[in-house]
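> Below are the chains, spelled out letter by letter.
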Amino acid sequence: MDTKNKKQHRYGMVIDLDKCTGCGACMVACAVENNIPPATAKATDRTGITWVRVYKFDNGLPFPNNRSAYIPMPCQQCGEHTPCVSVCPQKAVEVDAASGIVAQIPVRCLGCRYCMTACPYHARYFNWWDPVWPAGMEKTLNPDVSPRMRGVVEKCNFCHERLQAARAKAAAEGRDEIDPSDYQPACVEACPTGAITFGDLADPNSEVAQLVQNGHAFRMLETLGTEPKVYYRSDQAWVRQIAQQEVQKPKAKEKVHG
Amino acid sequence: MFPGVYGFTWEPGNLIFLGIFYSVVAIILGTMGIVLVRSLKDFQSQKADQIRWKLDFEDLPEGNRTCRHELTGEFRHRTCERGFDCRECPDHAKLVASKIRTIHPGYETGDEEGCILGFDMPLERQYHRGHTWVMTEPDGTTTVGLDDFGSRLIGEPDEVRLPAAGTSLHLNGTAWHFKKNGSDLRILSPVDGEVIQTGGKKAGWYLKLKPLGKKMDTRHLLRGAEIRPWLAREMERLEFSLAADGVGMSLADGGALVEDLSKEYPSLDWDAVWGQMFLEP
Amino acid sequence: MDKQLIIRGLRRSPLSKFLLWILPWVALLGLGLYAGYLCLARGLNQTNMDNRFAFGLWIYLDLTIIALGAGAFFTGFLLYILKKDQLKAVINSAVVLGLICYSGAIVVLMVDVGQPLRAWFTFWHPNVHSMLTEVTFCITCYLTVLLVEYAPLVLRNRKLRQIPSLLVFEFHLHKVMYVLAGVGTFLSFFHQGSLGGLYGVLRGRPFAFREGIGIWPSTFFLFILSAIAAGPSFILLTTWLVSKLSKKELVKREVLSLLGRISGILLMVYVLFKTIDTLIWINHTAPASGFNPFDFYSWEPFGTWLLFAEIVVCGLLPAIILLDKKRREQTGWLVSAAFLVCVGVMLNRFVFTIQTLALPTLPFDRFLSYVPSWQETATFLAVVAYGVLIYSLSFRYLPLFPQEKELRQS
Amino acid sequence: MKISRRDLFKFVGGSAVGAFLTPIPWKLIDDAAIWSQNWSWIPRPLHGEIRTKFTTCTLCPAGCGARVRCVGDQPVMLTGVTRHPVSRGTLCPAGLGGHHLPYHPGRALQPLQRVQKNGKIEFAPVSREAVEAALAAAISRLKPGTPNESIVILDQQPGRTISRVYRRFLESVPNGVYVTTSALGGDTLCVLQEMMEKPYGPVGYDLENTRMILSFGAPLLDGWGTPGRMMEIIKAQGSKDPDYRLKIIQVETRQSRTASFADEWVAINPGTEAAFALGLAHVLIHENLYDQDLIRRKAIDFRKKDGRAYLNLVEQFTPEYAAGISGIAPDRIIATARTLAQNAPAIVIGGGDPGGGPLGKEEETAIAGLNLLLGGIGRPGGIVARREVPDIMSTSHHPTVPEMEIRDVPDHSIRILILDAAESGNALPWALLERKLVPQGALVVSLSSYLTGLTKHAGYIIPAPTYLESIQDVPAPIDATTASFSLSSALLTAPAGVTEPFEWVKRLASVAGVPFVEEAQGSTYEAQLKNRVETIYRAKRGTVFSSGDGKTVPIAEISSADQLWKLLSEGGCWIDSKAETKPMPNFSLLGKTKDNFERLQVAGQGRLSREPGLVAAFGFILMPFGWRGATGNGQISPLMTKLFQESGLRKLSGQTAVNPETGRAFGLTDGGQAWIETEKGAMKVEVRFDAAVMPRVIEAAVGPSVEAFSTAETQGTQNILDLCHLDDDCAWRVTRARVTT
Amino acid sequence: MVVKNRGRLIFLAGVLVMLVVGWFGFPRMLYQKTNQPIQFSHRVHTGDKAGLTCEDCHSFQADGRFNGIPSISKCGGCHVGLLGNSPDEKVLVEKYVATNTEIPWLVYSRQPENAYFSHVQHVRLAKIQCERCHGPHGAGDTLRPYESDRLTSYSRDIWGHSLSRIHSEVWDGKKMDNCASCHEQRGVSNSCLLCHK
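Residue numbers (the working numbering), protein chains in the order written: chain A, 1 to 258; chain B, 259 to 539; chain C, 540 to 949; chain D, 950 to 1690; chain E, 1691 to 1887.
I should point out that these hints are in silico values taken from the structure, not numbers from a laboratory.
Just so you know, even glycine gets a beta-carbon here, dropped at the ideal spot from N, CA and C.
Don't take each hint at face value.
[To be verified] Calculated pairs, DSSO-like style, for lysine-lysine (alpha carbon to alpha carbon, straight line, at most 27 Å): (1) D:LYS1184 with D:LYS1196; (2) E:LYS1764 with D:LYS1002; (3) C:LYS864 with B:LYS305; (4) C:LYS714 with C:LYS791; (5) B:LYS312 with C:LYS791; (6) B:LYS305 with C:LYS698; (7) C:LYS864 with C:LYS542; (8) A:LYS169 with D:LYS1500; (9) D:LYS1633 with A:LYS56; (10) C:LYS864 with C:LYS623; (11) B:LYS472 with B:LYS437; (12) C:LYS542 with B:LYS438; (13) E:LYS1723 with A:LYS169; (14) D:LYS1066 with D:LYS1629.
[Claimed, not checked] Cβ pair distances, simulated, as ranges: (15) B:ALA422 with C:SER555: 18 to 26 Å; (16) C:ILE702 with B:ALA351: 31 to 39 Å; (17) E:GLY1697 with B:ALA422: 34 to 42 Å; (18) A:GLU222 with E:GLN1875: 38 to 46 Å; (19) A:GLN8 with E:LYS1817: 19 to 27 Å.
Make the full structure from the sequences, and use the hints.
Next comes the structure, spelled out in structure tokens:
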């Protein structure tokens, strides 16, 4: 297998916010696929691990004109100035040249969490606890993904193990390139409304590349210049607007509880 | 990290960063290596005593490092730079050769023979700044002992550790140890020599030495007219040292030290005073 | 035995009083060690840090004490390289403070990282583009240097000095101190810088992000400047404090003045550059990332008062005091100004650690607060206690202030 | 030779230097790091042959197909089955984690008895025989013919083979009553059938062909009906001509997921759905937008006859009048009615929130009336008839005990209550069941896999196998337009101590000596199921979907009943052919019940209208809400912490939302704590400010508590449902509450 | 007796003792030896007698997954009864084949959970011989005892037999460095994700 002469892929996704109902299937499917343990009793939305987190956001108007939408935030797989890669002191993070996927290798990670402070998307998660599954449930772990230990950072890698499986399948059939239909991340597969489209952005004929071209597509925090490979789209102007408004100003003089 | 180790790339960034790092490590290790080699060399050539004296001497307050030629008035103000070792001092040699020696007036005031400022300081002996006397015996050996000033400062020691016969002593190295009130005091060796005999308590703690070379070199020792001004300076120093400890004690002219000073003023920091007076700060 | 260890001629309180003094610090250290054990054995869930507040009290502590510890390298630099011989009076104390700061920082870092057993991977597989790699390399090398610098001090202890081999070693070690001071200056210089770079390179945190000067962000240099400005002030402050606590004169008054003057000059330079940097950030960097710079200050209590306090109250003001000869000669003014300088650098490190993380980046993010857990606080306090203990022991048994004996006798 | 201390030092020093020339330090440093990468307490996945199996999800009545990825025989992942005729390739989040349920820490693994120990309720092990003896004794004490002394089996997934067995059993004992819960989403359909003069048979929503849905709080996009069906419609929206896209209007107080996703969200005052529905009817009639032909021909109470006709009722509900009650502007009511008429075929769906409880019968009558006015019954894109699953023992052949909804069961009448393990996924407050029990000495037995929810109130617990541990049949979902039948297979062996409900009923019958000795005795559950499959096969209707290859073939192409059984037990699905359009019988727009005119009139004033002063006194209206699957009494995968605890995507029990302005006016803080106090009690909750919440309403989540994922506690010690006011018709949608800090 | 340079000799003795301990004693302490459940002769199976190739037993699934050590059913395919007279075969037939129990083989080249290795890509696409990594394992008559690191529970084959990691044979050692250097030689990417899961 000579990766040098192989096609360079840039896997990415387009998430249609008009189709996301915020059901959370992606989060559960992701956790099942990637052997993410259930939370301990003390975990919160700030210490938990969900490689793809669905946020709710609204148009900021008062009742009854308030409207809200949901936005799934996996690792945005930044293609330029990838903030987490350059900060990692021991190369536990890198951009995979063949796929464009930002790789996080927990067994290399020393748990300094610098990458987490660097990531503006909060798409990186630290294992504050050792993973614990209820007795017996560890039998349901996915053999293609290794469970992590406490003290390391982890994040979405577009279900890279599925890319591996697709490559193995291609190799078994004597092919050098995978069949694109063999590689779909778990969240994409699980999304009941088909809100997530996944594919190779480098292939102009792919569905994702077309969707990106078709207008109404945008990326989060584009002005930072990190060139994420996760795109969003919405036909609703307010959704597009709010997703690009970088800082939400504090509302009145609310007391904030963290 | 190293070429050949997985992950190493020949990128300029890598090379610059690691180059700097290795240089720093090399400098630190190299410096430490040099220190170790030098220490080992000096330690093996038994220069420890010499170094100790060098360091101690540098630690002495400037007033305690007065040149002997200032005592005699040849200089108005002069600080010794050589650890009281006049043997190689070109100025000393010059001054001795010129024989222009101003005799301190005190010498002529007619102290009792050998009794200077109330201390028993026989003039046939030569004295070291660390309050030891040296007397060259007719048989070519040399006797070394604590001078009267020193004896009175210490009084009755709790313990004395004399060197065994055969031990080589070096100038300003340790001659013997006194222990008193928990303080460990080193008495500096006034000359180079090999111990051939030691005298116990009854004999008044002395050492008999034979020269290491052909002849005992005593050029650096105080003698004759230098003794009185030196003692006067030592009295001053003592008073100063005691006063610093907050004791309003006065050694007015004519007064003499009692036999065992530390007994009289037990509350004083004698350890510090002895350290000062025996040149062991 | 205790008496035998105290430098001849120095006055130290009776052992019982000394033990009474260190007892609470030992207790605090014990508590902190227990807290650290909890964090290592059970994981960092013992802290109140979280995915959003991935850095907390510890990193803040780290940045701060390293900034204050800059006094060590900078004094060494002034003394050994620039031959400001007057500073010989405080160099030993500065070395001890530096050692405390750096070793404390490393110990806390080892608790702070999730997998300390793998920390050495940084050496084996270094990512030279990471500021943290630079930090790691510098901090380990500089700690080694500080230990080597501290060694002669320890060897000067009265009892250890009796051992001839150690005496010789100390003698030769002292002779090469200028080399170590030079290396230390180089390392610490980069270390301070890379700590500043740590935040300055964070493109994803537009509040901290600074455009580069060469390959470095401006914070790289500002941290160095602020650290070397604060370092002498910290030495001044600690010397004054130790002198007050021990009721002894430790250094000559003009040494303190000199420290103040150096601090003042550097601070003035720092304030100038900090102001320029802030203006560039307001007018260029932040808008370029798509942010209104003043939005960052719209979350109470992190208002613009912080910026004012940092640059004017704790920057310009003490700089003016320290540069005024008349005020500098008055201990009250001198010490207060030094205090302000230290507060200023602490505030600066606070803003970069805590405010940076508290501010939302995503439009639907919330502003977050964070309160350290008792384990974090105890570990933090243990470092303080560790510092006090090391300093107390060093002060008692080692020749920290060469002028002390002289001043006592005069 | 004497060895001095110095020698020892030298030796140690030499060793130390030497050590660096050996692998010891280097290997140990490396091994220590490797050790930290392979801690023995970090579980390792099973490795083995990867197999794909198929089954049907039984966690709610939706009946979704599931593809099971197994390592050896161990299921490790569930995904939807592409082209599955019921679920359309989709699994909901609860279904995605279904394979974790056998390992849920809250499982009951042996028969348990509720005991009081030191004033605390505990569950102590008990023998199965003892439970059976106690029940047999209680059965023997039941006096035949006394309707206020009944034995009830509560079945939340009716239509299964076991449901039939239950009914047979109840037929054999004195005063047996077979009870189901009000099926959310199906309520409108049930009421609609009651409004028909003659039985019309089962009906379903033809969502695929409709152009508009007006939903009264039904969580259309959040686990309603068969979730995959609605999702498929959303999925297809993009490729449709905008003019023909499905338009959804959600009428709901809360900005639910459906409300935020819908084309329009009509924020309605709590408990005033009837007013809005009647207001719409008023506009439809006044603007002649209704199906005049149908109404003229079939409606029996449309004309103004005795002043109590439908028209008289509707007359009162002018847009202005309805607006005053529902808080929706008259223009909006008129516009909505027009939109409904313009976007024919349209469907109006009632139901309500799975946690907020069902709408009342009156509201459902008004909503069903809208469907009738729009003429949406029996035509494509409306409410269409379907056939029953072929069953030789269907009720028409063998009269058994009637099916009754729990809200229709007289209060204080149940002496023995048996809870079936199957879940509807919707909330069911214990207070509702408690009200139906005799005040003293009622015996409650739960056939449950988990020691949670309603089961916590049972006197005895008989552990039942959980999902994937037993073979079960899955009947057609309530909203389906065609009947379907599939099987869930036993991919895992149930643990010892667990009893299949069928076996248990058989044992109970024999212990109690009831004449339950028909073909069931001596048979196995599997045989019963096979029997049913055979019946389907013999009916020769419909098609069969095979999960393995994703193909659908007519049943005629299946060679034998055994082959059909094989296909179904490998996750296949039988789908009935479309029912022919049946002529509609006459209907009453007010429903059959005599006093419905008055009842609707009252209901039209809104649920809180009876004591208007109290609203002001209490200040807040408490509205519980939930998510089907997580509000039920069953269990959800511990991994659901991702949606609740670890992301805030869904609210946990004890979390509430209020409008920021209301919150501030009442001194509440965002993220702070507050007490909700109602006539039933008080509860401490966490308050979040949300601009989408109606002023003066406090929305409280009916969800799992944090402990529910790691212990036997499903909903914590206290549940917001305990605070809710239960209406006479067993609705608990709105409750007056006081909120204080 | 006064020996000249006594101190130096004692120091050197310390060094020497440590060298012996480190290079000879330490490996014995670190590694735990376990015998395989039964002895198996690869040579008998691959030689003229049975004539099997590696892939006949260590086969691939259709989707490219590597089956690794064959399951007992594979053994049972031939060893229904005794084919020879070796005592190990007797154990195989009686203890494992007859009861359909899997043999608890200890896999010499077992990689940790976090490593992903695709046999199919190496064997089918890159056409690398089994011997490149497994050495002459397939030609052996016996199975050597399995050695595992007490600290990490890794097979000794991962670090390689020589503790210095200076290996005389190309297949000795299956640490990441070994994989990486071969990848480097062949111009294959050394991306982390390629081999970590």
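> Run through the hints listed earlier and report the numbers of any the structure violates, in increasing order.
Of the numbered hints given earlier, those the structure breaks are 3, 7, 11, 13, 15, 17, listed in rising order.
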